[in-house]
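Residue numbers (our numbering): 48 to 165.
Honestly, the hints are just simulated from the structure, not real lab data. Just to be clear, a hint being listed does not mean it is correct.
[Said to hold, decoys possible] Computed Cβ-Cβ distance ranges for the label pairs, DEER-style:
#1 T103 with S131: 16 to 24 Å
#2 S110 with Q160: 12 to 20 Å
#3 S165 with S78: 36 to 44 Å
Every residue gets a Cβ at the ideal spot worked out from N, C-alpha and C, and that includes glycine.
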Amino acid sequence: QVQLVESGGGLVQPGGSLRLSCAASGFAFSSYTMKWYRQAPGNERELVATITTFGTPTYYADSVKGRFTISRENAKNTMYLQMSSLKPEDTAVYYCNAVHYATFDNYWGQGTQVTVSS
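Using the sequences plus the hints, can you model the full thing?
In structure tokens:
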């Protein structure tokens, strides 16, 4: 059974930091490109960051470049998103996504809420 479970969300003040985790099971994690998406109320889901199978290269949305860092530990079947200098506009539900570009398998987590507010 494929599972992607996000954790680490919560309420943080502007300028603060959070680290999100995505724990994967039920598929060959190291063979999948991993992504973080986010969706704020009333907005479309947007791609935040991407990390390829071996951890490099990585890609970021312009809105988070220099503030967020995506990483993965294939031995632990886990992906991370370190978020720093958080802004109120970063408030959203953050989703973990796994994509295999040869088989087109595509899996999603249930999301974790991040709220940036004073």
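ask   = Hints broken by the structure, by number, lowest first?
value = none
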